[in-house]
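> Sequence:
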Amino acid sequence: MTQNPNPLQAWFRRAAIYMRLPSQGQYWPEGSLDMPTNGEFPVLPMTALDEITYRTPDALFNGQAVVDVVQSCLPNIRDAWLMPSTDLISVLISIRIASYGQDMEIVSTCPKCNETQDYTLDLRQILDGLGQTDFSQSLSINDLEVFFAPMNYRQQTQIGMDQYETQRLIANSQDAALTDDQKNQALNEAMKRISQATTRAMAFGIAGIRAPSGFASEPEHIMEFLTQCDRRVYAAIRDHQVTLREAGEIKPVDITCGGCENRY
2 MTQNPNPLQA
12 WFRRAAIYMR
22 LPSQGQYWPE
32 GSLDMPTNGE
42 FPVLPMTALD
52 EITYRTPDAL
62 FNGQAVVDVV
72 QSCLPNIRDA
82 WLMPSTDLIS
92 VLISIRIASY
102 GQDMEIVSTC
112 PKCNETQDYT
122 LDLRQILDGL
132 GQTDFSQSLS
142 INDLEVFFAP
152 MNYRQQTQIG
162 MDQYETQRLI
172 ANSQDAALTD
182 DQKNQALNEA
192 MKRISQATTR
202 AMAFGIAGIR
212 APSGFASEPE
222 HIMEFLTQCD
232 RRVYAAIRDH
242 QVTLREAGEI
252 KPVDITCGGC
262 ENRY
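Per my numbering, the sequence shown starts with residue 2, numbered consecutively.
Errors might be hidden in some of the hints.
Said to hold, decoys possible - Below, in silico cross-link-like pairs of lysine to any residue (SDA-like), each with a Cα-Cα straight-line distance of 20 Å or less:
(1) Lys184 / Asn173
(2) Lys252 / Thr134
(3) Lys252 / Leu50
(4) Lys252 / Thr54
Unchecked claim - Simulated restraints, written as ranges between beta carbons of each label pair:
(5) Arg233 / Ala177: 25 to 35 Å
(6) Glu190 / Asp255: 41 to 51 Å
(7) Ala236 / Gly132: 19 to 29 Å
(8) Met105 / Arg15: 32 to 42 Å
(9) Ala208 / Gln4: 45 to 55 Å
(10) Gly26 / Ser139: 15 to 25 Å
(11) Phe13 / Asn143: 25 to 35 Å
(12) Gln25 / Gln183: 48 to 58 Å
(13) Pro37 / Arg246: 25 to 35 Å
(14) Pro37 / Lys252: 26 to 36 Å
Please keep in mind that the hints were generated in silico from the structure rather than gathered at the bench. Using N, Cα and C, we set each Cβ at its ideal position, and we do this for glycine too.
All chains should be built: construct the whole structure from the sequences, respecting the hints.
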């Protein structure tokens, strides 16, 4: 039976803006992204259901809310779990602009006179100011060559949940009802988790390592290497990844206090 078209289709939401992914589609696994021929992705405003989803604490905690809203507002993204970290900030800001407009109100307190005032941020300027992270440059350490790649959103979410669990263990270690031995045990477990989470985050950002004996790209091999390598090698890889991460972060916004004209 042929179903009649919905007469209300003309009032369905339409693309409010178009955006380009900072990654230009790199690092997206095959099938996770439908790349437009001109590279510009239509961004639809959020629906009422999207807003409800985005305000559900449990769904935000496990990452499902972000995935659902991204796939709703950017239909060309088929699997947002596989979205590289280089695109995440741009995608979320673009959804914010498409849904509420380019201006966002913030409240800031001047560090000089302590006066609190409202300010308006132009989110387009924030987008334009986002740096480009170049993952094409490898890192040479003695006879090793390390290749890098951005984490995807699923990996980022896992790291965030690991951090939350670690914070919970640290808080529990201060429970007055625990004995000193129990507190020490809980604290030691938290420190162990911190070390594991840090190493796992580093491993997620490594695409492979070339050595004279061969090329390693399997996650378990890279994890084992990071737990067994010389501390100087570990520190060199960590510092390089920090530099990559900082290149793609939102830059600080300069504000001029309306009271004392202090610029901060």
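> Now tell me if each hint is right for this structure.
Status of each hint after checking the structure:
1. Lys184 / Asn173: holds, 8 Å
2. Lys252 / Thr134: This hinted pair holds, its Cα atoms lying about 13 Å apart.
3. Lys252 / Leu50: violated, 32 Å
4. Lys252 / Thr54: violated, 29 Å
5. Arg233 / Ala177: 25 to 35 Å: violated, 42 Å
6. Glu190 / Asp255: 41 to 51 Å: Between Glu190 and Asp255, where Cβ atoms are some 43 Å apart, the hint holds.
7. Ala236 / Gly132: 19 to 29 Å: For Gly132 against Ala236, whose Cβ atoms are near 23 Å apart, the range 19 to 29 Å holds.
8. Met105 / Arg15: 32 to 42 Å: Check failed, 22 Å falls outside 32 to 42 Å.
9. Ala208 / Gln4: 45 to 55 Å: Distance hint for Ala208, Gln4 holds at roughly 47 Å.
10. Gly26 / Ser139: 15 to 25 Å: Hint holds: Cβ distance 21 Å, inside 15 to 25 Å.
11. Phe13 / Asn143: 25 to 35 Å: Given range 25 to 35 Å: violated, Cβ gap about 59 Å.
12. Gln25 / Gln183: 48 to 58 Å: Hint holds: Cβ distance 52 Å, inside 48 to 58 Å.
13. Pro37 / Arg246: 25 to 35 Å: holds, 28 Å
14. Pro37 / Lys252: 26 to 36 Å: For Lys252 against Pro37, whose Cβ atoms are near 28 Å apart, the range 26 to 36 Å holds.
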